[in-house]
Amino acid sequence: MNYQTSPGAPVRSGIPEHGRVPKYYAVKAKIALMVDELGEGGLLPTERDLAVRYEVSRETVRQALRELLLEGRLRRQGRGTVVAGPKLEQPLSLASYTEGVRLQGRRPGRSLISLDRFPCPEALAPEVGAERGEPVWHMERVLLADDERVGLESTYVSEARVPRLDTEFDPDSSFYGYLHDRLGISFGDADERIETVLATPREALLVGTPPALPMLLLHRVSRDTSGRPLERVRTLYRGDRFSFTTHLGQRG
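Numbering (this note's numbering) for the sequence shown: 1 to 252.
Treat the hints as calculated values from the structure; they're not laboratory data. Note that CB positions come from ideal geometry on N, CA and C, so glycine has one too. A portion of the hints provided could be inaccurate.
[Claimed, not checked] List of simulated lysine to any residue pairs, SDA-like, C-alpha gap at most 20 Å: (1) K87 <-> L198; (2) K87 <-> R107; (3) K30 <-> G85; (4) K87 <-> G109; (5) K87 <-> R66; (6) K87 <-> T245; (7) K30 <-> L43; (8) K23 <-> Q63; (9) K87 <-> L218; (10) K87 <-> T196; (11) K30 <-> E67; (12) K30 <-> T46; (13) K30 <-> E59; (14) K87 <-> D240; (15) K87 <-> E37; (16) K87 <-> E99; (17) K30 <-> G80; (18) K30 <-> R75; (19) K30 <-> L68; (20) K87 <-> E195; (21) K87 <-> R106.
[As the list claims (entries may be wrong)] Restraint-style ranges between C-beta atoms, simulated for each label pair: (22) E37 <-> G177: 40 to 48 Å; (23) S226 <-> R79: 51 to 59 Å; (24) D146 <-> A123: 32 to 40 Å; (25) H180 <-> L205: 32 to 40 Å; (26) L248 <-> G105: 23 to 31 Å; (27) I113 <-> L70: 19 to 27 Å; (28) A190 <-> R53: 45 to 53 Å.
Produce the complete structure using the sequences and hints provided.
As structure tokens, then:
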């Protein structure tokens, strides 16, 4: 078997130095070559056919497919498994989700789950520039790319900053665009933290993924150009459909 890989791939395709390759991993490498040949949307043979082809058990095939599914190279379609398209690359910047998806030629969208008000708790107050007990909006939306569910976004913002959010704002559109175009509010800077998590059963149901699928969780606290706190955002992205990019430079 040829274990040569492209730049950026695991060294020696992840083979241990002692050279003993787990059986499932050898099968995974063979299926990965098939994935490259089939191309996006290509239908893979059944688990049974793959087990016969590679002379292994169906459980071995299942483990190989499971890893390729988690890596985002495959996706389930009905009762079959097909080759997935490339991951969406979201820039780590003040650009909105809408802008990031459009840059890749995909159609962004959002589906509103809930929009409600509640008294601001003490912990949230400094992040949205509100006093404890003042009304704060919470907006929850499913993120879409070409109608595919790819994430879940929760936005917290003071009602004083956006008093007519429930009547003026189209929940399928960019919140950043609304703030800038309708209210004259521009983003100045933000603090962002990324971690990996497993979705809760409710979150997995909303995003349409199995609970065991790793998710990328972004926490963002944003301020406007005058430095005033503006919003607190919690966004879950499907780990099999997203990667994040940024540009690094030397500090002056």
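Check: Can you give the numbers of the hints that this structure goes against, from lowest to highest?
Finding: No hint contradicted; all consistent.
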